[in-house]
Amino acid sequence: DVKVTQSSRYLVKRTGEKVFLECVQDMDHENMFWYRQDPGLGLRLIYFSYDVKMKEKGDIPEGYSVSREKKERFSLILESASTNQTSMYLCASINRGTQETQYFGPGTRLLVL
Amino acid sequence: AQKITQTQPGMFVQEKEAVTLDCTYDTSDQSYGLFWYKQPSSGEMIFLIYQGSYDEQNATEGRYSLNFQKARKSANLVISASQLGDSAMYFCAMREVGTYKYIFGTGTRLKVLA
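Keeping their order, the protein sequence lines are chains A and B.
When you number the first sequence by the working numbering, it's gap-free, plus one each residue, and the end is 283.
When you number the second sequence by the working numbering, it's gap-free, plus one each residue, and the end is 116.
One should not assume that every hint holds.
If you anchor each label on the Cβ, the simulated ranges turn out as follows [as the list claims (entries may be wrong)]: (1) B:Ser44 / A:Lys227: 23 to 33 angstroms; (2) A:Asp196 / B:Ala3: 33 to 43 angstroms; (3) B:Gly54 / A:Glu239: 13 to 23 angstroms; (4) A:Leu211 / B:Glu17: 43 to 53 angstroms; (5) B:Ser44 / A:Asn265: 13 to 23 angstroms; (6) B:Ser82 / A:Val222: 42 to 52 angstroms; (7) B:Tyr66 / A:Asn254: 31 to 41 angstroms; (8) A:Arg214 / B:Arg74: 41 to 51 angstroms; (9) A:Pro231 / B:Val80: 17 to 27 angstroms; (10) B:Glu58 / A:Ser178: 42 to 52 angstroms; (11) A:Ser237 / B:Lys113: 36 to 46 angstroms; (12) B:Ala73 / A:Leu283: 15 to 25 angstroms; (13) A:Pro209 / B:Val99: 39 to 49 angstroms; (14) B:Glu58 / A:Ser237: 35 to 45 angstroms.
Hints listed in this document are in silico derivations from the structure and should not be mistaken for laboratory results.
Ideal placement from N, C-alpha and C gives every residue a C-beta, glycine not left out.
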């Protein structure tokens, strides 16, 4: 079974702090994604990566950066956390094949005070 | 632009009955994939079912089936014999073949009543 893990389920940070959210997948997937989920807005793509050190901006990249130094690990970085970044963050990776179904991690609920 | 619309923010269904969750999509591409995910209160998104735009038959996975009407651009999820454990948020999503961008709807919260 594909396993996607995220470093924290719940996180509380202060405004201005640098925040790291880590995602690890164990199935050698090339493509990984970071989404943000807010009520009434569904999931919005922040960044995705199609290979080590390769990344592309999604729909809402402002205020975020990412790092992919190893194939299995994709990190989301909030350079200076703000209260409007309080949200649920979901990481996903793709199972290559005809369906290319995304497999998701358990999510990190981030509260910025 | 691609778009997924889920018009039902919340729904109730009696245990053991069937329920249909609506999803319409908008795309100009001929080749695309449609997905349904379930998100329980724990937060994890669970893949339920997939339908390719060229698939002639509606997809089925156990109690889940996808009512795919290409001309109407709808991809409704049908859950048969609802169970209490089906209570969750359900998301419809689309991906255009050749891209890695997935578009998600805003979700439908389903509550199964005992």
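Numbers of unmet hints, in rising order: 3, 4, 8, 9, 12 and 13
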